[in-house]
Each structure stands twice: as C-alpha cells, then as structure tokens.
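A.B. asks: From first to last, the protein sequence lines stand for chains A and B. So for the first sequence, my numbering puts the first residue at 1; every next one is plus one. So for the second sequence, my numbering puts the first residue at 1; every next one is plus one.
It should be emphasised that the hints constitute simulated quantities derived from the structure, not laboratory data. Every clue listed holds true.
Copies of the same chain look alike in the list, so a pair counts if it works inside one copy or between any two.
The calculated DMTMM-like cross-link candidates involving lysine to aspartate or glutamate, where the alpha carbons are at most 25 Å apart (straight line), are:
| id | residue 1 | residue 2 |
| --- | --- | --- |
| 1 | K309 | E322 |
| 2 | K8 | D318 |
| 3 | K309 | D199 |
| 4 | K8 | D273 |
| 5 | K225 | E92 |
| 6 | K225 | D88 |
| 7 | K75 | E65 |
| 8 | K309 | E295 |
| 9 | K8 | E322 |
Protein chains: 2
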Amino acid sequence: MRQVVMYKPGDVRVEQRPDPTIVEPADAIIRLAATCICGSDLWPYRGAEPVDHQVMGHEYVGVVEAVGSEVRTVKVGDFVVGSFWASDNTCEICRAGYQAYCVHRVLMGTIGTQAELARVPLADGTLVATPGRPDPELIPSLMAASDVLGTGWFAAVAAEAGPGKTVAVVGDGAVGLLGVLAARQLGAERIIAFSRHADRQALAREFGATDIVTERGDAGVERIKELTGGLGAHSVIEAVGTQEAMMQAIHSARPGGHVGFVGVSHDVAIPGDVLFMSGVHLHGGPAPVRRFLPELIRLIWDRTIDPGKVFDLTLPLDRAAEGYQAMDQRAATKVLLTL
Amino acid sequence: MRQVVMYKPGDVRVEQRPDPTIVEPADAIIRLAATCICGSDLWPYRGAEPVDHQVMGHEYVGVVEAVGSEVRTVKVGDFVVGSFWASDNTCEICRAGYQAYCVHRVLMGTIGTQAELARVPLADGTLVATPGRPDPELIPSLMAASDVLGTGWFAAVAAEAGPGKTVAVVGDGAVGLLGVLAARQLGAERIIAFSRHADRQALAREFGATDIVTERGDAGVERIKELTGGLGAHSVIEAVGTQEAMMQAIHSARPGGHVGFVGVSHDVAIPGDVLFMSGVHLHGGPAPVRRFLPELIRLIWDRTIDPGKVFDLTLPLDRAAEGYQAMDQRAATKVLLTL
Numbered sequence: 001m002r003q004v005v006m007y008k009p010g011d012v013r014v015e016q017r018p019d020p021t022i023v024e025p026a027d028a029i030i031r032l033a034a035t036c037i038c039g040s041d042l043w044p045y046r047g048a049e050p051v052d053h054q055v056m057g058h059e060y061v062g063v064v065e066a067v068g069s070e071v072r073t074v075k076v077g078d079f080v081v082g083s084f085w086a087s088d089n090t091c092e093i094c095r096a097g098y099q100a101y102c103v104h105r106v107l108m109g110t111i112g113t114q115a116e117l118a119r120v121p122l123a124d125g126t127l128v129a130t131p132g133r134p135d136p137e138l139i140p141s142l143m144a145a146s147d148v149l150g151t152g153w154f155a156a157v158a159a160e161a162g163p164g165k166t167v168a169v170v171g172d173g174a175v176g177l178l179g180v181l182a183a184r185q186l187g188a189e190r191i192i193a194f195s196r197h198a199d200r201q202a203l204a205r206e207f208g209a210t211d212i213v214t215e216r217g218d219a220g221v222e223r224i225k226e227l228t229g230g231l232g233a234h235s236v237i238e239a240v241g242t243q244e245a246m247m248q249a250i251h252s253a254r255p256g257g258h259v260g261f262v263g264v265s266h267d268v269a270i271p272g273d274v275l276f277m278s279g280v281h282l283h284g285g286p287a288p289v290r291r292f293l294p295e296l297i298r299l300i301w302d303r304t305i306d307p308g309k310v311f312d313l314t315l316p317l318d319r320a321a322e323g324y325q326a327m328d329q330r331a332a333t334k335v336l337l338t339l
Numbered sequence: 001m002r003q004v005v006m007y008k009p010g011d012v013r014v015e016q017r018p019d020p021t022i023v024e025p026a027d028a029i030i031r032l033a034a035t036c037i038c039g040s041d042l043w044p045y046r047g048a049e050p051v052d053h054q055v056m057g058h059e060y061v062g063v064v065e066a067v068g069s070e071v072r073t074v075k076v077g078d079f080v081v082g083s084f085w086a087s088d089n090t091c092e093i094c095r096a097g098y099q100a101y102c103v104h105r106v107l108m109g110t111i112g113t114q115a116e117l118a119r120v121p122l123a124d125g126t127l128v129a130t131p132g133r134p135d136p137e138l139i140p141s142l143m144a145a146s147d148v149l150g151t152g153w154f155a156a157v158a159a160e161a162g163p164g165k166t167v168a169v170v171g172d173g174a175v176g177l178l179g180v181l182a183a184r185q186l187g188a189e190r191i192i193a194f195s196r197h198a199d200r201q202a203l204a205r206e207f208g209a210t211d212i213v214t215e216r217g218d219a220g221v222e223r224i225k226e227l228t229g230g231l232g233a234h235s236v237i238e239a240v241g242t243q244e245a246m247m248q249a250i251h252s253a254r255p256g257g258h259v260g261f262v263g264v265s266h267d268v269a270i271p272g273d274v275l276f277m278s279g280v281h282l283h284g285g286p287a288p289v290r291r292f293l294p295e296l297i298r299l300i301w302d303r304t305i306d307p308g309k310v311f312d313l314t315l316p317l318d319r320a321a322e323g324y325q326a327m328d329q330r331a332a333t334k335v336l337l338t339l
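Work out the full structure, taking the sequences as your base and the hints as a guide.
C.D. replies: Following this line, the structure appears as structure tokens:
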C-alpha cells in the first residue's frame with residue numbers, strides 16, 4: 001500500500017509499504033476513504049519535534065476490511081470513524097470519558113493513517129460505525145470528527161461553553177474554528193473569535209462567531225474585557241499551544257471562568273502566581289474524541305453541522321507533500337487527502 | 001487600640017494604633033473576639049515577600065460595634081464571621097460564587113485584623129452573623145471558618161471531592177488538614193493525607209483521612225498510584241504552594257481528575273506539556289470563603305464539625321510575636337490569638 005512517511009523536517013514522501021494485517025484479536029483493518037494532515041503534524045515538519053522516517057497521520061475514516069476474532073461491534077463493510085487514540089472504552093478511565101488516557105491506549109500516529117490501509121487496535125472501543133454508507137459530501141465532515149472537530153468540541157466542553165455564556169476562542173486554525181462551531185452547538189450566547197485572516201474570520205462567523213477580535217496578547221485581552229463589561233469571558237478555548245496563546249486565554253477568562261486548552265503545548269510554562277490570582281478553571285490535553293463520536297456523527301449525518309468546511313484544500317494522497325507545504329505556509333488551514 | 005505590625009521579616013510587634021472609624025457608609029467596625037496567624041503570614045515573616053511596617057492579619061470573628069448608614073444585614077451587637085476578602089456579594093462575579101474576585105473587593109490584610117478592632121468594608125456582603133452569641137468553645141471553629149476552613153473547603157470543592165471519590169491531600173498544615181475535613185463532609189470515600197508528622201497525621205485521621213502517605217515527590221506519587229490501582233486519585237488538594245507540591249498534586253491525579261490548589265503559589269511554573277498530558281482539571285486561587293460561610297457556620301453551630309482543633313497554640317494578642325515564631329519553627333500548626 002501507499003503510505004506517507006516524514007523522512008526529516010520538511011521532507012514528506014509517499015512510499016510503498018506492506019499492507020497491515022490483523023496482529024491482535026481486537027484489531028480491525030480499515031481501507032481509508034480519506035485522511036488528513038493535522039496542525040500537530042507541522043511540529044515535526046518544522047523541526048520543533050524530532051522526526052526520523054516517521055509514518056504520519058492519525059485521523060481516519062473508511063471501510064472495515066477485516067476484523068480480528070474478538071471484534072464484536074463493527075463488521076467488515078461498515079463505514080467507521082475512529083479517534084486518534086485507540087481505546088478499549090471499558091476501563092475506568094474510558095468510562096469516565098477520558099478515552100485518550102485509556103489504560104490500554106495506542107496512539108494511532110504510531111501506526112500512521114496517511115495511508116491506504118490502517119490497522120486499528122481495540123476496534124470495538126475505538127471505532128464507531130455510521131448509520132450506513134455516507135454520501136460522498138459527508139466524508140470531509142466525518143473525517144473532521146476523527147480529530148479536529150472532536151478536539152474543538154472537547155475544548156468547548158472543557159471551557160464549559162453553554163447557554164448564557166460568552167466564549168472566546170484563541171486560535172483560528174481548524175481546531176479553533178471548530179471550537180466556535182462546538183460552542184454554538186452547545187448553546188453559547190456570544191462567541192468571540194480571535195482572528196486576523198479574512199477567510200478564517202468568515203468561516204468563524206459561518207460557524208457561529210458573533211464577534212471577531214484582531215488584536216493579540218495583552219491588547220487582545222483588553223478587547224475581551226471591553227466586550228464583557230470588564231469581567232472577561234466565561235469560557236475560553238485555547239487552540240494554539242504557545243505561551244502567548246495560553247496566557248492570552250487565561251487572562252481573557254473571568255475569575256471562576258473556564259479555559260479549555262487543546263493546542264499541543266510547546267515550551268509553555270504557566271506561572272503559578274498568575275494562575276492562582278486568575279481564579280480560572282484550566283482543563284485540556286489530548287481530546288477524548290471517542291466520548292463525543294456518536295453525537296458528532298449524528299449531527300453530521302443529520303446535516304445539523306458541516307465541520308468539513310475547515311478543509312480548504314483537497315489533494316490525492318500521492319500529493320501529501322504539497323499538502324504539508326500548503327499548511328506550513330498557511331496557504332491552507334486544513335488539508336484533506338483522498339484515496 | 002492594640003494592633004500587630006510586622007516591621008520587617010522576623011520582627012513582629014504589638015503597637016498602639018488609632019481605633020478604626022466608619023469611612024464608607026457600607027462599613028462596619030467589629031470588636032474582635034479572636035484572630036489568628038495564617039500560614040501565608042509566614043511568607044513575609046521569612047522574607048519571601050516584601051514587608052515594611054505592615055499591619056497583619058486577615059482572619060476575624062467578633063461583635064459588630066458600629067455600622068455605616070447603608071448597612072442592612074448586620075447590626076450592632078451581632079456576632080459575625082467574615083472572609084479575608086471583603087466583597088459586595090451582589091456583583092456578577094460574587095453571584096457566580098467567586099467573592100474573592102468581587103469587582104469591589106478589599107483585601108482585609110491591608111486593614112489588618114490582628115487587632116482589637118477592625119473596619120470591615122462592604123459589611124453586608126462580607127459578614128455573616130451567627131444565630132446568636134456563640135459558646136466560647138465555638139470561637140476557635142468560627143475563627144477557622146474565616147479563612148483556613150473556608151480555604152480547605154474551597155480546595156475540596158475545586159477538587160470535586162464527593163461520594164465514591166478518592167481524595168489525596170498534599171500539605172498537612174491547617175489548610176490541608178481542613179481539606180481532609182471538607183472532603184469527608186463532602187462524602188469522599190477515601191482520603192489519603194500526605195504527612196510526616198505524627199501529630200498532624202493523628203489530626204488528619206480524626207478529620208477523616210483513611211490513609212497516610214509519608215513519602216513526597218515522585219515517591220509520594222508512586223504510593224498514590226499503588227493505592228489507586230495505578231490510576232491516581234480522582235481529586236487532589238494542593239495546600240502548600242511550592243513547585244514540588246504542585247507537581248506532586250498534578251501527578252497524583254488520574255486523567256480527568258481534579259486538582260484544587262489553594263497554597264499561595266511561590267515560584268511555581270507549571271510545564272504546559274506536563275499539564276497537557278496529565279489530563280487533569282486545575283482550579284484554585286484565593287478561596288471565595290464567603291460562598292461557603294453560611295454552610296460552614298451551620299455545621300459548626302450544630303457541632304457537626306470541629307475545625308477549631310487545628311489551633312494547637314493559643315496566645316493573647318500581646319504575645320503575637322511568639323505565635324509567629326512558633327509557626328515559623330513548626331512548633332505550632334496554627335496559632336489563635338485571643339483578646
């Protein structure tokens with residue numbers, strides 16, 4: 001099969017690799033309908049994380065091609081969506097809704113789903129079948145559910161977005177934009193998106209943003225305070241992962257407010273005294289996407305939400321390198337790879 | 001009147017100062033029945049915070065001696081308990097339960113309640129009257145409610161201690177010990193106290209601790225993991241304020257668990273990647289004691305709880321310097337000053 005491999009920073013290739021096979025009785029093999037490039041894939045691409053001939057990709061939708069002897073909840077021919085963490089969905093941590101920390105978790109990025117086929121461990125706990133074969137126009141949205149929508153959703157839940165709340169969103173990448181969509185679905189009254197890019201501002205508004213703030217850092221915080229009677233937002237989503245974004249998020253929230261952070265932290269250190277005096281709730285990390293998948297699939301299936309709009313560039317898998325380049329250069333927000 | 005003044009680190013004196021008077025129409029003047037020395041008073045005492053002829057003390061119970069023209073909810077002669085933040089209890093932040101961040105808040109430490117009399121701003125929003133004149137043996141417990149119990153209680157609430165939960169408590173000072181008491185009152189199933197001191201271990205057990213762990217740091221975390229099937233505690237209270245304590249707290253919690261931190265942070269920096277990967281909820285800061293005061297007073301009045309037991313040294317106000325010395329040298333956990 002063909003599979004994307006990052007040789008070193010900036011060097012992405014599509015290679016022939018052996019087809020995956022069932023290794024454990026809980027495994028499934030899926031044939032991908034689509035895959036995509038994640039903002040977090042840019043960290044190694046830019047040399048901010050080590051990389052050496054690494055298979056890439058952790059987002060996936062597709063059709064089950066084979067199952068191990070223990071698999072019960074999905075069958076050959078099902079169209080499935082899964083999370084970037086494989087999870088048993090039965091351990092105490094999974095049952096508490098934290099499948100990204102399942103005691104048996106397997107990171108799909110180590111398997112690499114930017115490929116024609118992928119082995120999915122713990123298939124019963126990881127994969128959720130759609131009600132039937134999806135119409136082709138639903139594929140991008142189902143693809144988004146695998147990570148970027150599930151992550152934005154988790155951020156909005158962690159930020160306790162809901163009715164009567166003002167939600168600020170730091171980061172106008174795909175996750176931030178889908179955080180806007182999630183906050184709207186969760187009933188937020190006012191959604192303020194930080195964004196300087198006209199196209200992303202437009203999508204943020206389409207997803208439900210009521211206000212756009214172009215300032216960043218302290219000036220951005222000041223704008224949020226102005227828009228919230230001096231108090232700050234009830235809920236803030238942090239979807240970047242830098243020190244500036246984290247501090248902007250903490251300072252944008254009111255005392256007793258909630259910051260949901262899902263940007264993969266790089267060189268972030270939160271000063272204890274600042275957090276202490278802020279009085280905010282802070283919660284985040286790798287999203288337990290599996291918790292939300294049944295609901296997200298339903299919303300997509302019913303055409304209630306259209307998160308697939310975050311994909312602004314679609315390329316065949318063979319041209320993955322172009323996709324990485326486009327996201328690195330910010331020519332694209334999020335790249336869908338077709339098979 | 002007599003009032004405690006810290007001239008410089010290690011130098012605490014009791015001086016004659018003018019009696020306070022009503023300044024704002026929302027003020028009350030109280031005659032203190034007791035006051036006490038806070039763990040946070042040790043930071044300037046030890047030179048870890050700047051101090052220069054500072055009036056001291058922010059905990060207080062006493063009898064209302066005078067009220068301003070706007071005061072409605074307390075009257076002359078009432079026995080009252082108040083928080084270390086004066087708050088209006090009507091602003092949007094107060095109504096959300098975050099009175100320590102009231103938009104009109106006044107820090108009682110700037111007024112200094114280690115004194116015979118104290119001016120309490122925003123009396124209606126700050127003071128809670130007891131059902132009547134308390135029996136003398138209730139005074140220490142009511143005193144505790146003013147800060148140290150309210151703070152431990154907030155930590156337990158922030159850590160979401162409750163039925164079915166395993167709660168770990170980092171810090172065996174007065175706040176940590178009362179965090180144990182709070183966790184028990186909130187219905188926690190198992191309460192693990194970190195402590196190396198026999199007397200504090202005994203009080204922790206009396207307040208409801210089911211297990212004592214003497215190890216600290218990584219070894220302490222390992223013990224918590226052993227005691228919780230490898231998962232970590234559901235809830236962790238951090239009541240110290242150091243880097244080691246904060247990291248011990250974060251690592252002692254399971255993914256999706258809750259850390260409530262109330263130790264005043266000193267030189268703490270939380271690595272973003274560690275917090276990200278931990279999956280914990282983090283919430284803390286100065287406790288909104290006012291939120292809990294009516295309930296705490298009721299529990300004390302009904303003799304359901306006896307938080308006054310944390311006072312292991314009682315001295316007259318004139319001997320405040322001895323009290324500071326005893327707490328600094330860990331000869332006492334918490335010092336009550338009588339008037």
